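> Below, each chain spelled out in residue letters.
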Amino acid sequence: MSILGGGIFKGMAVTLRNFIGSYFHKERLITNDYEWRSEGELPQSIGDYPKEEGEQLRDTTTVNHYSRNFPMLLHDTGEPMDTIRCVACQICERECPPQCIYIEKSTEKIENADGKPQFYPAKFDIDVSVCMSCQICVEVCPFDAIVMNSQFELSTPNRFGGLLVRRDDLLKSNDYYHKIHPQEAAARDQKMVADKAAKEAKKKAAAEKAKAAAEARAAAAEAEAKEDTE
Amino acid sequence: MTQEITFWVLAVIAVLGALLAVRRRNLIHGVFALMIFFAALAGLFLLLLAEFIAAVQILVYIGAVGILLLFAIMLTERVTGDDARDITSRGSFWGWAAALAVLVFLLLPTIQGADLPQTVQPINPSVKALGFKLMNPYVVTLEVLALLLTAALVGAVAAAQGGEKKKEDAGDA
Amino acid sequence: MPVTLEHCLILGAVLFCIGLLGAFTRRNAVVVLFSIEIMLNAANLNFIAFWRFSDNPDQLHGPLFTLFTIAVAAAEVAVGLALVIAVYRHFKTVDLEQLDTLKEE
Amino acid sequence: MSFELIKDILLATVPLLVIFPSLFAFTTWMERKALARIQNRIGPNKTGIPCTRIGLFGLGQPAADGIKMIFKEDIVPRGADKLFHLLAPILALIPAMLILCFLPLEFPWGKFISGKVQAFMLDSAVIFFFAISGLATLAIFMAGWASRNKYSLLGGMRAVAQMVSYEIPLVLSAVIVVMMVGSLNAKEIAGAQTGFNWFVFSPWGLAAFIVFFIAALAETNRSPFDLPEAESEIIAGYFTEYSGFKFALFFLGEYIAMFAISGLAVTLFLGAGDGPFLAAAPWLSVVWFIAKIFGLIAVMIWLRGTLPRLRVDQLMAFAWKFLLPLSIVNILLAGLSHHVIDAYPGPVAKVGAWAVSLVLLYMMAWGLNNISRSTAKPREYLYAE
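Residue numbers (the numbering used here), protein chains in the order written: chain F, 1 to 230; chain S, 231 to 403; chain P, 404 to 508; chain W, 509 to 893.
There may be inaccurate statements among the hints.
Pairs of lysine to aspartate or glutamate, EDC-like flavour, derived with a Cα cap of 20 angstroms [claimed, not checked]:
no., chain 1, residue 1, chain 2, residue 2
1, W, K541, F, E27
2, W, K541, F, D33
3, W, K590, S, D312
4, S, K363, P, D461
5, P, K495, S, E373
6, F, K191, F, D114
7, W, K658, S, E307
8, S, K363, S, E373
Keep in mind the hints are simulated off the structure, nothing from the lab. Predicted model only: the values in this text are computed from it and were never measured.
From just these sequences and the hints, can you work out the full model?
Below you can see the structure in the form of structure tokens.
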């Protein structure tokens with residue numbers, strides 16, 4: 001039979017081991033230190049933050065890959081404006097609960113990666129001070145064009161215009177997405193590939209059915225033509 | 231000299247505390263005034279060098295009786311007395327008259343007339359002597375007191391708790 | 404002039420009469436218990452005063468008797484409040500004016 | 509007004525008023541760092557010297573909390589009892605500070621200025637200790653009532669019920685030491701334990717120390733017994749409606765009460781100010797005293813990092829069905845073995861008495877532990893129809 005209060009002593013032994021261990025094995029500690037920014041003045045608006053993904057990558061990889069902050073637009077590998085996924089269908093603008101997305105559709109169409117002419121957003125602004133990072137835009141987007149970024153260096157002294165993120169600051173490449181949220185990015189790409197394959201299969205099946213129906217119609221037409229000639 | 235001032239200060243606090251405890255409409259204010267009264271009395275006991283009694287007074291009255299009164303008030307009605315109902319009983323004038331009569335009867339003839347000992351013996355307050363006294367001549371009283379307290383404990387719980395029996399009759403009737 | 408027995412007795416008498424006043428004039432049973440406490444404490448004060456100015460204080464009669472009265476008072480408050488709660492549960496009021504079921508009509 | 513009297517009182521009380529609140533600041537930092545380390549994080553390490561980036565292990569955190577508390581807006585609910593709402597935190601602090609004076613702390617500078625070393629050389633110090641620490645219960649009730657909010661009143665009533673029912677085992681376990689020493693004076697109790705024969709080394713002393721420590725945890729609403737102020741319970745119990753400096757006063761009061769009660773535990777059981785090298789430097793006794801207090805507080809923090817919170821009925825059942833009978837039996841045992849050891853002065857009787865009482869206490873505790881489990885019956889309402 002365990003001695004009286006054995007459970008309490010076992011529990012206390014665990015916490016004691018944890019307490020002492022945290023001083024010797026540094027890898028136990030889950031808090032990674034926040035290194036201070038350079039002394040300089042904070043940029044006036046979010047756009048002025050360094051855009052090259054190398055600089056932002058240093059920030060976003062310090063936090064673990066579960067963290068989600070504010071949305072970003074995705075483009076496939078290549079020139080951002082050529083391979084942008086967003087087609088300005090404005091579903092996310094309508095679905096966004098705090099209405100913090102503002103899209104202006106472009107007038108003409110440009111070729112996208114699959115060669116189909118598509119609209120693109122001439123203007124795509126997200127007001128970060130209003131966005132509550134609820135990820136509804138990510139769920140409703142049919143083209144997987146908008147996903148959550150985990151960049152946290154966004155503070156600006158200017159409260160009104162400074163927190164409005166323009167389209168060019170939002171655009172990030174797909175492999176940047178792979179770097180910050182590896183599992184989610186992989187799952188999303190897999191889903192896209194699977195959807196495309198399913199669509200092709202469906203198209204192929206539809207094509208065959210159409211061909212079969214055409215042949216059946218052609219055979220029926222020949223049969224009628226034969227009856228008229230008799 | 232300091233004794234004189236402390237006595238008068240404590241006396242005034244005690245009288246005010248008692249008056250507030252009795253006259254306040256809001257019972258909670260009354261209980262806290264009563265506790266100030268107990269504290270003032272504990273100070274007076276200290277002044278009269280009855281140190282152990284002051285400690286027991288604080289422990290028993292403020293620590294236990296006060297909290298008990300608070301619990302009792304919480305369980306009964308009309309605590310804050312903000313409804314317009316009258317808080318004094320009907321014959322309150324005669325109550326005042328009786329209290330004043332007792333005061334006058336106590337103060338004037340008995341206290342003025344009696345020749346009271348003025349000598350002040352040196353006292354070294356020691357709990358040990360009190361303990362020994364409690365043991366040899368008063369040990370029976372101590373045991374009876376213990377019995378009384380247990381009986382009061384059981385009686386209080388029974389009286390306050392006695393809901394079950396009546397609840398059943400109320401249920402069947 | 405230093406504190407004399409007379410001061411304490413007068414104070415004890417005044418406090419006792421305030422307790423009496425409370426007991427006579429208040430409607431609420433709990434306040435009557437307050438006033439009984441005040442009266443008991445006034446009596447304790449007189450005991451200690453007489454012991455302090457007595458000629459053989461090492462007999463410790465005053466403090467001993469006060470100890471017993473404090474114990475009895477505590478027991479009395481406990482039982483008194485239990486009764487008040489029982490009365491409240493039965494009659495739905497602690498107003499002493501309304502608790503007159505013994506009075507014959 | 510004799511100035512000698514005032515000088516003595518000031519000389520004895522001002523060091524307490526200076527030392528213990530600063531120890532309070534250090535303890536809050538220590539608690540947050542220790543709890544963090546238990547949960548595999550680092551704890552505050554950014555607030556070092558203000559307006560610079562030198563975070564010296566977060567030692568500036570108590571100062572930062574203090575300043576924040578001073579400048580936070582102090583909201584008083586509209587229906588609240590203004591007077592009592594203000595008075596409650598003050599009343600929570602006064603008894604905690606007052607009982608510090610009863611601890612037998614000999615400050616070394618006493619002999620230079622020939623002042624009285626201990627504020628109140630009271631004959632019945634232990635009784636005064638429990639009497640005045642009972643006032644804190646009152647302050648909690650006043651806080652609960654004054655904020656005119658159902659939940660804080662409930663939290664206040666729970667806290668009062670808990671403190672009242674844990675005060676009895678606290679006093680009973682102190683009775684054993686008083687019985688052994690034969691005096692209520694804190695200095696005599698400390699004197700009786702010099703040379704390492706502390707009371708905690710005898711079996712009844714150990715049992716009494718454990719009961720005292722558990723009851724002290726409940727008395728200061730800490731760790732497994734912090735039900736009244738638990739966030740997940742009734743918001744924040746009795747100090748829901750307090751913000752700003754009054755909230756800080758409550759915390760100061762709680763921590764100083766923690767110091768005071770562990771000070772008493774050290775005086776009663778761990779030989780106040782008794783330690784090695786005392787002959788060499790007598791002023792070391794204050795250092796030993798405060799070191800032991802910090803030892804007990806470290807255990808309190810350790811328990812806070814380990815044990816989950818008790819439910820109300822478990823709390824009550826534990827006090828009345830486990831601690832109380834155990835301390836009563838402990839008193840009987842201590843008295844019996846005290847006389848047996850006096851009657852037969854040889855070591856045989858001492859070892860025999862110790863062995864018997866150890867076994868008896870363990871079996872008693874084990875038996876009580878099994879029957880004291882509270883089976884939470886469905887709640888049966890007595891008054892609410």
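> Determine for every hint whether it applies to the structure shown.
The hints, checked one at a time:
{"no.": "1", "hint": "K541(W) / E27(F)", "result": "holds (17 angstroms)"}
{"no.": "2", "hint": "K541(W) / D33(F)", "result": "holds (15 angstroms)"}
{"no.": "3", "hint": "K590(W) / D312(S)", "result": "holds (16 angstroms)"}
{"no.": "4", "hint": "K363(S) / D461(P)", "result": "holds (10 angstroms)"}
{"no.": "5", "hint": "K495(P) / E373(S)", "result": "violated (38 angstroms)"}
{"no.": "6", "hint": "K191(F) / D114(F)", "result": "holds (17 angstroms)"}
{"no.": "7", "hint": "K658(W) / E307(S)", "result": "holds (16 angstroms)"}
{"no.": "8", "hint": "K363(S) / E373(S)", "result": "holds (14 angstroms)"}
When each numbered hint is compared with the structure, a violation occurs for hint 5 only.
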